[in-house]
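Read top to bottom, the protein sequences are chains A and B. Going by the numbering used here, the residue at position 57 of the first sequence is 57; the numbering climbs one at a time, nothing skipped. Going by the numbering used here, the residue at position 87 of the second sequence is 1087; the numbering climbs one at a time, nothing skipped.
Bear in mind the hints are in silico, worked out from the structure with no lab data behind them. Any given hint might turn out to be false.
Dumping the calculated DSS-like pairs for lysine-lysine here, alpha-carbon to alpha-carbon at most 30 Å [said to hold, decoys possible]:
| no. | chain 1 | residue 1 | chain 2 | residue 2 |
| --- | --- | --- | --- | --- |
| 1 | A | K14 | B | K1042 |
| 2 | B | K1105 | B | K1042 |
| 3 | B | K1068 | A | K9 |
Covered stretches of chain B, as calculated for chain A (at least 3 residues, CB under 8 Å) [as the list claims (entries may be wrong)]:
| no. | segment |
| --- | --- |
| 4 | 1043-1055 |
| 5 | 1099-1110 |
In this text, all values refer to a predicted model and were calculated from it rather than measured experimentally. Idealized CB from N, CA, C, for every residue including glycine.
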Amino acid sequence: NAGVTQTPKFRVLKTGQSMTLLCAQDMNHEYMYWYRQDPGMGLRLIHYSVGEGTTAKGEVPDGYNVSRLKKQNFLLGLESAAPSQTSVYFCASSPSGTSGYEQYFGPGTRLTVT
Amino acid sequence: KQEVTQIPAALSVPEGENLVLNCSFTDSAIYNLQWFRQDPGKGLTSLLLIQSSQREQTSGRLNASLDKSSGRSTLYIAASQPGDSATYLCAVSSNYQLIWGAGTKLIIKP
Chain A
1 NAGVTQTPKF
11 RVLKTGQSMT
21 LLCAQDMNHE
31 YMYWYRQDPG
41 MGLRLIHYSV
51 GEGTTAKGEV
61 PDGYNVSRLK
71 KQNFLLGLES
81 AAPSQTSVYF
91 CASSPSGTSG
101 YEQYFGPGTR
111 LTVT
Chain B
1001 KQEVTQIPAA
1011 LSVPEGENLV
1021 LNCSFTDSAI
1031 YNLQWFRQDP
1041 GKGLTSLLLI
1051 QSSQREQTSG
1061 RLNASLDKSS
1071 GRSTLYIAAS
1081 QPGDSATYLC
1091 AVSSNYQLIW
1101 GAGTKLIIKP
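Extracted from the complex, chain B is given alone in its bound form:
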C-alpha cells in the first residue's frame, strides 16, 4: 500500500532564506507527483506536477525534483517571502487516485 510522508510537519524560517521541503513515498510505481499549496481555510492550488519520466519541474522561485528509485521528492523555494506562508502538500498518483502526505506547515517570518 502506497504511503506518503512529509517531513518536517512544520517549519519556520526568516524571510529571504532558501528552503527545502521533503516528500517520501513507499512504492516507486507512480504515474506522477504533485505539489500543492493550501492557505488556511482555503482550497488547494496545484504548484507543480512531475511526470514519472521527469526529474524536475520549475515554476518561478519553485523547483521540484523527483527520484523514483529512492522514493523521494523535494520542493525547493528560493528567496522565501512572507506570502509563501502556507501548508504544502505532496501527492502521488497511483492507479486511479492521489495518495497524499499530511503536509508541511511553512511560516516565513518577516
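So here's chain A without its partners, still in its complex pose:
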C-alpha cells in the first residue's frame, strides 16, 4: 500500500514552459486535492476533486489546470510557468470531504521556475 505518491519530486522550469505533476493514490479515496506551500505560509488549496471526472477551483487556481480522468489519479498542469509558481506542491486524498475525514499527503514536488 503506497498511499499517495507524486511524480516528479523535483523540477526546474524556465518561464513559459509547461509541465504536468502527477498524483496517484491507492486507497480508493473519492476526494483529491492539490496544494502549494510557500515559505512562511500555510498550505493553500489550488484545485480539488470530489470524484472521477469532476474538478473544482480552490483558493489559488489561476495559472493551473487539473484533470481527474481516473479515480486514482489527479493531474496538475502548468501551461505557461511563471516565477511566482516556484513552490512546493502537495497532493492529498481523503475518503470524502474534509468534514469528518483525515487527508493523506504525498511527499511533495519542489518546483523552481527561473
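Using the hints, position chain B against chain A.
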C-alpha cells in the same frame, strides 16, 4: 473569511520538557481541526484529528484540545525528545477545504 494563526513561529526547548503549541482560528463554524507534522523536505503526517463535537484527542505523548467557542486549539507534547523536532501545522476544516496556519518550527535540544 477563516484565518488560522499559530504562535510562536519557532520554539527551542531542552529535551525532556513538556511543551504547548498554540493554534487560533477566527470562525468557530468548523467541522474539525487537524494537527500535522512536517519534517524538512518531507510531506505532512497527520498527528491528531479533533471533530467539532470533541474536546480533545490523545495519541501517545501528544494531546490536542479544541475550544470552538474561543477559537483555540493546543497541542501538548509530553517529555519532548530530539526526534520531535519538526514543523507542526494546524488546519481547520471549513466547507470543502482545509485552512492552514503557517506552522510552529520546533527544535528539541539534546
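So, going through the hints one by one against the coordinates:
1. K14/A - K1042/B: holds (24 Å)
2. K1105/B - K1042/B: Status holds; Cα separation ~14 Å.
3. K1068/B - K9/A: violated (38 Å)
4. 1043-1055: holds (count 6)
5. 1099-1110: Answer holds; 5 residues pass the 8 Å Cβ test.
Checked against the numbered hints given earlier, this structure breaks only hint 3.
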